[in-house]
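Visitor: Sequence:
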Amino acid sequence: TLIFLFALTSLAWGDSYSSLNNKGNQMYKKGDFKKAWEYYHQAEIEKPEAPEIRYNLGNSLHQQKQWEGALQNYQKALQSTPDINQAQIYYNVGNTFYRLDKYPEAIAAYKKCLEINPTDEDAKYNLEYVRKKLQEKKNQQKQPQSKNQQNKDKQKQNQKDQAQIQQDQNQKQNQPQGQQQQKQNPQ
Numbered sequence: 001t002l003i004f005l006f007a008l009t010s011l012a013w014g015d016s017y018s019s020l021n022n023k024g025n026q027m028y029k030k031g032d033f034k035k036a037w038e039y040y041h042q043a044e045i046e047k048p049e050a051p052e053i054r055y056n057l058g059n060s061l062h063q064q065k066q067w068e069g070a071l072q073n074y075q076k077a078l079q080s081t082p083d084i085n086q087a088q089i090y091y092n093v094g095n096t097f098y099r100l101d102k103y104p105e106a107i108a109a110y111k112k113c114l115e116i117n118p119t120d121e122d123a124k125y126n127l128e129y130v131r132k133k134l135q136e137k138k139n140q141q142k143q144p145q146s147k148n149q150q151n152k153d154k155q156k157q158n159q160k161d162q163a164q165i166q167q168d169q170n171q172k173q174n175q176p177q178g179q180q181q182q183k184q185n186p187q
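First residue of the sequence shown? That's 1 in the numbering used here, and the numbers climb one at a time after it.
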C-alpha cells in the first residue's frame, strides 16, 4: 500500500481536528494501525466529509485487513478529493480490490491511477501483475473442465479395455482344448 498521509494545511479546520489527525498519523507511522484508526475516527466526528480523514481511515483499515471498510472510505475520499491527489487513492483502491480477489475492478482502479499519474511505476507494475493473476485465474477455471474431459476419456478407455478383456476371455474359453493363445511380449 502506498503510504501517503495528507498534510493539513488549513488552519480553519480547527486544532481538535488537526491534532487528532496528526496523532493518527503518528500512530500510523509507528505501525499501530488500530490506534491510528481510533484517532482518525475521532477526527472524522469533527469533520465527517474531510477527504484526507476518509483516506487515512481507509489506509488504517487496509493495514488491518479490513478490506471492505477500507474500500468504502477510499470511495468516499474520491468524491471530494482534488484530482491531483486522486491517483494515490485509486492506487490503494486497486490494492484493496486485489485483496478482495476482484481483479477486474483492481485493473480498472490502476488504470484510473495511471490516467491521472502516468509516471506511477508502482501502479504500472501492479496493473501488469493483476492482469497476469486474472489470466491465471481464467486458465485455472478452464483446467478443471479439461481435466473432467480427460477423466471422462479415461473412463471410456477403461470401459473399452474392460470390454476387450472380457471379449478376449470369452474367446479363450471358446478355444478348443490343446491350443494355447499366443502370449504377448511385455514392452
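Errors might be hidden in some of the hints.
[To be verified] No more than 25 Å apart at the CA atoms, straight line, and that leaves these computed lysine-lysine pairs for PhoX-like:
id	residue 1	residue 2
1	K112	K142
2	K152	K142
3	K47	K76
4	K76	K23
5	K138	K111
6	K132	K65
7	K152	K102
Keep in mind the hints are simulated off the structure, nothing from the lab. Computed from a predicted model, the values in this text were never measured in an experiment.
Visitor: Each of the hints needs a verdict: does it hold here or not?
Guide: Here is how each hint holds up against the structure:
1. K112 / K142: Cα-Cα ~30 Å, so violated.
2. K152 / K142: holds (16 Å)
3. K47 / K76: Holds, at roughly 13 Å.
4. K76 / K23: At roughly 22 Å apart (the allowed maximum being 25 Å), K23 and K76 satisfy the hint.
5. K138 / K111: With a Cα-Cα distance of about 20 Å, the restraint between K138 and K111 holds, given a limit of 25 Å.
6. K132 / K65: It holds: about 23 Å lies between the C-alpha atoms, which stays within 25 Å.
7. K152 / K102: violated (33 Å)
Taken one by one, the earlier hints fail for this structure at numbers 1 and 7, listed in ascending order.
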